[in-house]
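Number of protein chains: 2
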Amino acid sequence: MKTIKIGMIGFGAVGSGVVNLFNNMTREIFERVGLSVELVKIAVRNKGKKRSQVFDKNKITEDAFSIVTDPEIDIVVEVMGGEEPAMALILKAISQGKHVVTANKHLLAMRGEEVYSAVESGEVELGFEAAVAGAIPIVRAIRSAFAGDRIDMIQGIVNGTGNYILSRMTSEGKPFNEILKDAQSLGYAESDPAFDIEGIDSAHKVAIMAALAFGTSVNFGSVFIEGITSITPDDISMAREFGLKIKLLATAKRCEGGIEARVHPAMIPQSHFLASVNGAYNAIEIICDNAAKNVLIGPGAGSGPTASAIAGDVIDIACKIARGGAGKTPPMLIPLELRSETKVKAISDMVFEYYLRFTVPDRPGILAKLAGALGEKGISIASMIQRGRQENEPVSVVLTTHSAAEADLDMALEQLKDTDICLAPVTKIRIQKDA
Amino acid sequence: MKTIKIGMIGFGAVGSGVVNLFNNMTREIFERVGLSVELVKIAVRNKGKKRSQVFDKNKITEDAFSIVTDPEIDIVVEVMGGEEPAMALILKAISQGKHVVTANKHLLAMRGEEVYSAVESGEVELGFEAAVAGAIPIVRAIRSAFAGDRIDMIQGIVNGTGNYILSRMTSEGKPFNEILKDAQSLGYAESDPAFDIEGIDSAHKVAIMAALAFGTSVNFGSVFIEGITSITPDDISMAREFGLKIKLLATAKRCEGGIEARVHPAMIPQSHFLASVNGAYNAIEIICDNAAKNVLIGPGAGSGPTASAIAGDVIDIACKIARGGAGKTPPMLIPLELRSETKVKAISDMVFEYYLRFTVPDRPGILAKLAGALGEKGISIASMIQRGRQENEPVSVVLTTHSAAEADLDMALEQLKDTDICLAPVTKIRIQKDA
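Chains as they are written, first to last, in our numbering: chain A, 14 to 448; chain B, 14 to 448.
Chain A with its partners taken away, still in its complex shape (with noise of 0.2 Å):
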């Protein structure tokens, strides 16, 4: 029996769990499935730096390119993170004709198209079910088994970070940047938090799933990204109030002329299951055609999951390479050459209910001002809220809209803005009761 060699690329918190599952499942798994499977050198960016699993010195490298040279190497997995050198390493083995399994969520998003195009002339493998949620098998339900079904939508919660500090808002009523320092003192969000906060790494992973469940290119400039820096305990009470819970939502779907790709807060109704996923869980909905709606949870990121889902894709490519069938099927399971383009629609042709929340002088006449330049697009009001007065203060009002085009009313607030009724940036929550 053929011992299919792994070289490893990163040693952070994805690589150690890798580590551990190998030192402590390689025989239990691997020689159960009939393979022999070995881990035999890592690339790491300092060699001297203390690591909590235990590795053979003489197998570590600095070097990640004498991996993906490598001529032993028949694996690597790529757990480095980041655009360059990830790029440049992961074309360097497929080039050398080596099978790639990455947790790369932000190079798949950016770069994904280069990756997919040489893994297929190369008819090398690509797993990559650890760059999208976790251990959540995501990557498969769309790849494989709903391949067969038209995938109409897929949509959910798929950055633990922001729902862990969403959750703890809506459960504290504290604001935005208390819970975020006290999420990083926990080790819940690192110490640039940008790209969970600001939505990017859910918008990677929307870039990634659309483009496998529709069959498409996706540029990622054209999804549609909004975090939840803005949203205040006022707004999440007053979602309360409507029955409805602010939950950070990524989006794919199929729509007239095109598909949507999109990551946005939205108030969702209580009683949406989406709504009753809390912490640094994720949550998937795929609705097809026939499969009709399934849901995948579980929890989207960490050590663990990920070294997971990793392991599976190895165990998936070294079947391939004992029995036969690696490099066969194309990477995106339809053919590159045989992909349509599909036209991303832009967030201004789209239609929700919006909730807003105005700050405005306490003074008679205002509402009346807020609806008429809200009627004068076309946008009727269907509810309207004040709290909370204190005499020659700012107040806030709330109102929500009726469906409206998202083009009509940013012209609205648009006209809004620089007159002495908005004393400050209105929040616009876009409401999915429909979710």
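Derived from the structure by calculation, the hints contain no laboratory data.
Treat the hints with care, as some may be off.
Repeated chains share a single entry, so a pair holds when one copy, or any two copies, can fit it.
Unchecked claim - Using 20 Å as the maximum straight-line C-alpha spacing, the simulated DMTMM-like pairs for lysine to aspartate or glutamate come out as follows:
| id | residue 1 | residue 2 |
| --- | --- | --- |
| 1 | K15 | E350 |
| 2 | K266 | E41 |
| 3 | K18 | D431 |
| 4 | K341 | E136 |
| 5 | K356 | E41 |
Please read these numbers as outputs of a predicted model, since none were measured by experiment.
With chain A fixed as given, assemble chain B onto it according to the hints.
Same frame as chain A, now just chain B:
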């Protein structure tokens, strides 16, 4: 491009779903993937029967064996159900080098070993995603996504009919028989509902999942099975008082010295996610050493979802036929010769907390006798509730116990059975607070 030809056996609800999918999506889906796949022949019991789906009458036959021996056919889709003649047909198809896709949980639970062995030695593919919980991608999750991890437990609600009945009993407070009749008239339960309400259908799925997850054969006779027919509205409302809800749980679990494989009603905390899975939905949690808890939810049955699962398997196999690699990986992932035989633990050797409902005469000293009989076997009582006294009528006494060995409890109940204080069979429901 070679056209991959499908022959189907059975044209009932699921078969109609498959035909519908082929009629409406063949071009869009298979051609998109770069495959040419055609449904060329269907075997039925009665050619004259009217059908909801259009299919060329010249391609319908009453001779199922003509499909499994047709040299033109590459993949046989078996949706007739039952043990025979399905088994003979599948074995014949395999012997002719045909790949098989089946939705037949009954067959795989009872005679899976024969099927897997024939598939493995015949070097063909077996797709059986449709056999467990409709389109929920549980087979792929176990066989591939979590294959590099150690699966510790699979637990869930895997029978939609049973869950529909229990859900309505819970929300409406009506007795089992009334809801069952209504479910039958609405098409949620079959005219012969035994497999669903007696837990057998769930047990079929447990047997298949346990064999796959734990790499062992599972003798169907060793799966513990208890249905929902003796659950009363009283039990449901008592559960509510304890903060619990009754669900028909299917469990496959790694334990000391073997595995657990069991189906029975259980009282679980109302806050557990399985408690909020209502109606005909299925939900399965998979707990792994590294991936922690992941959950899959979806419609566990029905023509559309089951057809979708079949189409996913057909795509996977067609890709392998067209591009290489078909028949190389064993159907159970682990080659049969490498599997270990694992003991299925007897229910009498397990430990639970229990809910016990006694029907006793309304006179002093009864509780002392019940407590005494239980105490003699080392079983201690956690709570006691008696409701609804009527002069000279038997009354219900409900006891809950602390953790106790099932064998001890059964002995205590056996001793009480023939005394004058048990006027009707005792209802025993396992409580799983840490479900």
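Note to self: For each hint given before, does the structure comply? Return the numbers of the non-compliant ones in rising order.
What the structure shows: 3
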